[in-house]
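Q: Below, each chain spelled out in residue letters.
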Amino acid sequence: MFSLNIIFTELRLNRRSLLIWTSVLAIVIIIYLGSFTYMEEMNVVEMIEGYPDLFTTGLGMSPEMFGDVNVYHSGLVMLYGLLLASIYAMMLAGSMVSRDSDLGTVEFLYTRPLTRTTILLSKVLSFLIMMLFLWAIAYLFSAVIGRVWVAPDNFDLSTQLLAHLMGLLACLAAGGVAFAVAPLINRVQGTTSIAIGLGFAFFIFNSLGSLYEQLRFLKYLSINHYADLTGAASGQAPVTGLIVLPLVFIAGVAIGIVMLNRKDFTD
Amino acid sequence: MSLKAIEVKELAKYYGKQCGIEKVSFTVETGEIYGFIGPNGAGKTTTIRTLLALLHPTSGNASIFGKDCIREAEKIAGDVGYLPTETYYYENMTALELLQYTADLYKVNASDRISELAAKFNLDLKKKISNLSYGNKKKVGIIASLLHQPKLLILDEPTSGLDPLVQQTFIDILKEENKKGMTVLFSSHVLSDVQKVCNRVAILKEGRVIDVQNISELREKGFKKVELNLTEPALPGLFEFEGIADFRQSNNQISFIFHGDLNLIVEKIAQLKLNDIFIEEPTLEEIFFHYYE
Numbered sequence: 051m052f053s054l055n056i057i058f059t060e061l062r063l064n065r066r067s068l069l070i071w072t073s074v075l076a077i078v079i080i081i082y083l084g085s086f087t088y089m090e091e092m093n094v095v096e097m098i099e100g101y102p103d104l105f106t107t108g109l110g111m112s113p114e115m116f117g118d119v120n121v122y123h124s125g126l127v128m129l130y131g132l133l134l135a136s137i138y139a140m141m142l143a144g145s146m147v148s149r150d151s152d153l154g155t156v157e158f159l160y161t162r163p164l165t166r167t168t169i170l171l172s173k174v175l176s177f178l179i180m181m182l183f184l185w186a187i188a189y190l191f192s193a194v195i196g197r198v199w200v201a202p203d204n205f206d207l208s209t210q211l212l213a214h215l216m217g218l219l220a221c222l223a224a225g226g227v228a229f230a231v232a233p234l235i236n237r238v239q240g241t242t243s244i245a246i247g248l249g250f251a252f253f254i255f256n257s258l259g260s261l262y263e264q265l266r267f268l269k270y271l272s273i274n275h276y277a278d279l280t281g282a283a284s285g286q287a288p289v290t291g292l293i294v295l296p297l298v299f300i301a302g303v304a305i306g307i308v309m310l311n312r313k314d315f316t317d
Numbered sequence: 225m226s227l228k229a230i231e232v233k234e235l236a237k238y239y240g241k242q243c244g245i246e247k248v249s250f251t252v253e254t255g256e257i258y259g260f261i262g263p264n265g266a267g268k269t270t271t272i273r274t275l276l277a278l279l280h281p282t283s284g285n286a287s288i289f290g291k292d293c294i295r296e297a298e299k300i301a302g303d304v305g306y307l308p309t310e311t312y313y314y315e316n317m318t319a320l321e322l323l324q325y326t327a328d329l330y331k332v333n334a335s336d337r338i339s340e341l342a343a344k345f346n347l348d349l350k351k352k353i354s355n356l357s358y359g360n361k362k363k364v365g366i367i368a369s370l371l372h373q374p375k376l377l378i379l380d381e382p383t384s385g386l387d388p389l390v391q392q393t394f395i396d397i398l399k400e401e402n403k404k405g406m407t408v409l410f411s412s413h414v415l416s417d418v419q420k421v422c423n424r425v426a427i428l429k430e431g432r433v434i435d436v437q438n439i440s441e442l443r444e445k446g447f448k449k450v451e452l453n454l455t456e457p458a459l460p461g462l463f464e465f466e467g468i469a470d471f472r473q474s475n476n477q478i479s480f481i482f483h484g485d486l487n488l489i490v491e492k493i494a495q496l497k498l499n500d501i502f503i504e505e506p507t508l509e510e511i512f513f514h515y516y517e
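Chains as they are written, first to last, in our numbering: chain A, 51 to 317; chain B, 225 to 517.
To be clear, the hints were calculated from the coordinates, so they are not data collected in a lab.
All figures in this text were calculated on a predicted structure; none of them were measured in a lab.
A couple of the hints might just be wrong.
Just the calculated beta-carbon pair ranges, DEER-fashion [as the list claims (entries may be wrong)]:
#: 1; chain 1: B; residue 1: E504; chain 2: A; residue 2: R62; range: 31 to 39 Å
#: 2; chain 1: B; residue 1: G290; chain 2: A; residue 2: G154; range: 28 to 36 Å
#: 3; chain 1: B; residue 1: S339; chain 2: A; residue 2: R62; range: 20 to 28 Å
#: 4; chain 1: A; residue 1: P202; chain 2: B; residue 2: S339; range: 55 to 63 Å
#: 5; chain 1: B; residue 1: K351; chain 2: A; residue 2: Y262; range: 55 to 63 Å
#: 6; chain 1: A; residue 1: Y101; chain 2: B; residue 2: K241; range: 55 to 63 Å
#: 7; chain 1: B; residue 1: K352; chain 2: A; residue 2: P202; range: 16 to 24 Å
Cβ coordinates follow ideal geometry from the N, Cα and C atoms, glycine included.
With the hints as extra help, turn the sequences into a complete structure.
A: Put into structure tokens, the structure is as follows:
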């Protein structure tokens, strides 16, 4: 079902991008979580209250966020962290599949004694390992910065664990979407463009769906909605997200397997 | 009855309305070196890609050692080595890492085999793929295709990018492996390569196999290359009849390939005033042109 050789090779081929994106996410956490105390001092709550609702809601902000480190980190910092991480997840998953067509390694890999299903599942497993690494490091940085530096008494590790778990599941769902689409695309550049486009689309759909009643349906098309980081920040497990996001991941991988098995590898 | 190494029946592949191959049929016996010749776009690579299950046929079927190429692709792949025209690999691996990875995918321990073949090809295994020349990448491809000692080796334009010495080494290895029982499908448009190693050859044209010939029979089939040096121009249309191919005329020089009753040609030549005449056996390339006219 899996090929360890492919898993290790994928981990090796993608280790650099994983380290770069993990570092970016860690830096976002350090800068934004680290600046929480200064925001309290700068009366950001009053400033946010002065902004139009449309503006703050669209950006996923609320004045309450700046009064509670847990809500601030899960609901705002991780919202933007998730935007970055989900784009990376889709780029990673998409490139794992389309890279072989793009670089010409199809003839190397797909003529070996392995089924296409085994090849894809091995890539999916290495994707899973990389996402676990990314979110584990993100959680580690959040825990250290939040607990040691920003708010030793108030930073709730279990709330943050739930928020990071939802981030992980959202990224898996994003990866699932990419695995479903990537067999149709023969260029890494193509999957990268789709990843960036979809990442922002998910973010914007969720914002627009929250802003306008008529566009409410849009947020149901967004993984950010199901991740429900604000809900997770309040300590309540987002049950819908816990069901929907893994299902999207599984369905995406299943579609990807079907598409890859039907694919013709032309020159 | 021995199992056919490759059996292709009425294989067709269309890309939308565009035809890749159309009703290709041929059989490769176990243990033979089978040539697959045709110009670019004739359908050689499409046929090979279908055999390797990289493409799904529109109709027809193909089997390798009795197993269906699409349904049992994974089982077949263990017995098949493949060298594509262009060899693309993971650039940040060294040659050794890539070959070790290949061996791992076949679940074989091929360290000795890799060293042995690398020594024969004088390949530095420590170099990164990205630092290898086109020819050296091709050497890596050859070793990757042979390291698991396949029962069938499929080669698509194998000698392109190799210098003559390496080509000879490669052909010697092919002959050696063939003696041990390995079947080879050798696709090329370089006929001299095919001529050196193949027993039989299938000739492809516009997506169809138009003929299958024994190399020796093809040469013995009575093709003649005729070159005439005349004292005065020949009458127009003198050589317009069946059996003439690759006809060229410039001033008082005439050349063509002929296949048929020699008396007919002698009769025509008798009508001309000659300075000189050459009648010889054409090369395989020249015979090949005959098929594609």
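Q: If I claimed the Cβ atoms of B:E504 and A:R62 lie 31 to 39 Å apart, would that claim hold in this structure?
A: 58 Å, violated
Q: Given a hint of 20 to 28 Å, does the C-beta separation of B:S339 and A:R62 actually sit inside it?
A: 23 Å, holds
Q: Is the gap between the beta carbons of A:Y101 and B:K241 within 55 to 63 Å?
A: Because 58 Å falls inside the window, the suggested range holds.
Q: Just to be sure I understand the hint, the distance between the Cβ atoms of B:K351 and A:Y262 should be within 55 to 63 Å; is that true here?
A: This hint holds: roughly 60 Å between Cβ atoms.
Q: 28 to 36 Å was suggested as the range; check whether the CB atoms of B:G290 and A:G154 agree with it.
A: 31 Å, holds
Q: If I claimed the Cβ atoms of A:P202 and B:S339 lie 55 to 63 Å apart, would that claim hold in this structure?
A: 60 Å, holds
Q: Does 16 to 24 Å hold as the CB distance between B:K352 and A:P202, or does it fail?
A: Violated: the Cβ-Cβ distance is about 49 Å, outside 16 to 24 Å.
Hints 1, 7 from the earlier list are contradicted by this structure; the remaining hints agree with it.
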